[in-house]
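Trainee: Sequence:
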Amino acid sequence: MSTLLDQLLFTDSFAAALGEKFSVLQSPTPLPDPYLVATSPTSLNLCGISPKQANSQEFIDLFTGNKLPPQCQPRATVYSGHQFGVWAGQLGDGRAILLGELNGVEVQLKGAGLTPFSRMGDGRAVLRSSIREFLCSEAMVGLGIPTTRALCITGSDALVLREQPETAAVVTRVARSFIRFGSFEHWFYRDDHASLKKLADFVIRRYYPEFSDLPNPYKAMLTEVTKRTAHLIAQWQTAGFMHGVMNTDNMSILGLTLDYGPFGFMEAFNPQHICNHSDDYGRYSYAMQPQIGQWNCYALGQAMLPLIGSVDETKAALSQFEFEYQSKLAFLWKAKLGLTSSMEEDNELISAMLKMMTINRLDFTIFFRRLSGLHLNDQSRDNQLRDLCVDRESLDQWLHQYRQRLTKEANIDEVHQDEVRQAAMQRCNPKYILRNYLAQNAIEAAQHHDFSEIKKLQQILSAPFDEQPENEMYAALPPDWARDIAVSCSS
1 MSTLLDQLLF TDSFAAALGE KFSVLQSPTP LPDPYLVATS PTSLNLCGIS
51 PKQANSQEFI DLFTGNKLPP QCQPRATVYS GHQFGVWAGQ LGDGRAILLG
101 ELNGVEVQLK GAGLTPFSRM GDGRAVLRSS IREFLCSEAM VGLGIPTTRA
151 LCITGSDALV LREQPETAAV VTRVARSFIR FGSFEHWFYR DDHASLKKLA
201 DFVIRRYYPE FSDLPNPYKA MLTEVTKRTA HLIAQWQTAG FMHGVMNTDN
251 MSILGLTLDY GPFGFMEAFN PQHICNHSDD YGRYSYAMQP QIGQWNCYAL
301 GQAMLPLIGS VDETKAALSQ FEFEYQSKLA FLWKAKLGLT SSMEEDNELI
351 SAMLKMMTIN RLDFTIFFRR LSGLHLNDQS RDNQLRDLCV DRESLDQWLH
401 QYRQRLTKEA NIDEVHQDEV RQAAMQRCNP KYILRNYLAQ NAIEAAQHHD
451 FSEIKKLQQI LSAPFDEQPE NEMYAALPPD WARDIAVSCS S
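Under this note's numbering, the sequence shown is numbered contiguously, ending at residue 491.
Do not take every clue at face value.
[Stated by the list, open to error] Calculated pairs, DSS-like style, for lysine-lysine (alpha carbon to alpha carbon, straight line, at most 30 Å):
1) 227 <-> 355
2) 334 <-> 227
3) 198 <-> 21
4) 408 <-> 328
5) 408 <-> 336
6) 334 <-> 408
7) 408 <-> 355
Simulated from the structure, these hints should not be mistaken for laboratory data.
Please put together the full structure from these sequences, using the hints given.
Mentor: Written out as structure tokens, the structure is:
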């Protein structure tokens, strides 16, 4: 009878294509008495693993790194990067180990022990941060934002020292690729253009094959990565998502949200909000994310310049960022406002809205969800919005401006205008997001081996636009104690 370890055939295409310079063979370090914390059914399906297999001890041992299939050649990959705007030199997978590919997706254990790239770290992840990454990966899928996926979490009662002792965990991540901007920077700053070209050729051949036969495939690749990054950040901004640590080693070459650490979803709206308490100067605040995204693309462009061969051609590729970002951002804001046409006054309307939200510190998610229920000709129902405000006059003025704009939507008959618009807005404005306090509640229960809250949040966040009246409490304003939750890079 074949076992799970026999059935899962990991391939090693990364090393096979690139050779040993790009990674090192590295076996995971076992954890004692591992147990299963959570699995993602959709990610299991992506990897060709059945729910029955996921309930086995073999599954737990495999995705903790305690036992591996005989043909598996686990690796830690090398990369470099700019961290907080400063060149940090060589980094690499300090606590992540790539098992290989299953069904065309890379499978990576995060927290599986020391590697040659661990520097001063211990190679481990803690249960707290693993739960946050797992849940946010699930939440982003539900929101339709490109992201790496989480397959499962396994835990152990072995202790890891952070600000205080915490229990260890391994979160298994899956993605088409974990190659980063910093992967290209690594070879550029080492003046190893042959390896730089080898990496770029691999990425184009594997992920952007449509560019292979173009006169300058490297320019085409940089253009596409720049566009994807611009679109991703526009999606972050309009979902109120803050990454928290947008170093170039945390930027995906495929335009995915990568490396969940001190992330957060905006609650009381403040464009200058910093979700990472290690970010002393606000480099990665909500308002700065678009600028940093563009800066990171320029860092990638610098690394790819020897391949593109021309400063002007490189600039031309990078110049796409601003247009693509602004176009995507405008489209998403208008969708959130239920606008189906474009008018010159729309930018002023959106700017006025953000100013009003700032004045009132409006809860980002709740405001837009309640706005989705606005009635064009019945201001008596505005109280659900006015109750959120400290300066109701500023809201009333903006709502007047908004209603005037809605009357110019000519493609919907007046009788059904509210109904159609409300339905469209509810498909764009989630009712449920992963608030820090919800994640914290799940973490505290899990620390007592109660994983039911993780499963509950998985179910809710998989359908964030649905009403789910039975889960109304998960859509409420955060409690006062939630203001004290601090998240840092060590998360």
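Trainee: What hint numbers does the structure not satisfy?
Mentor: none
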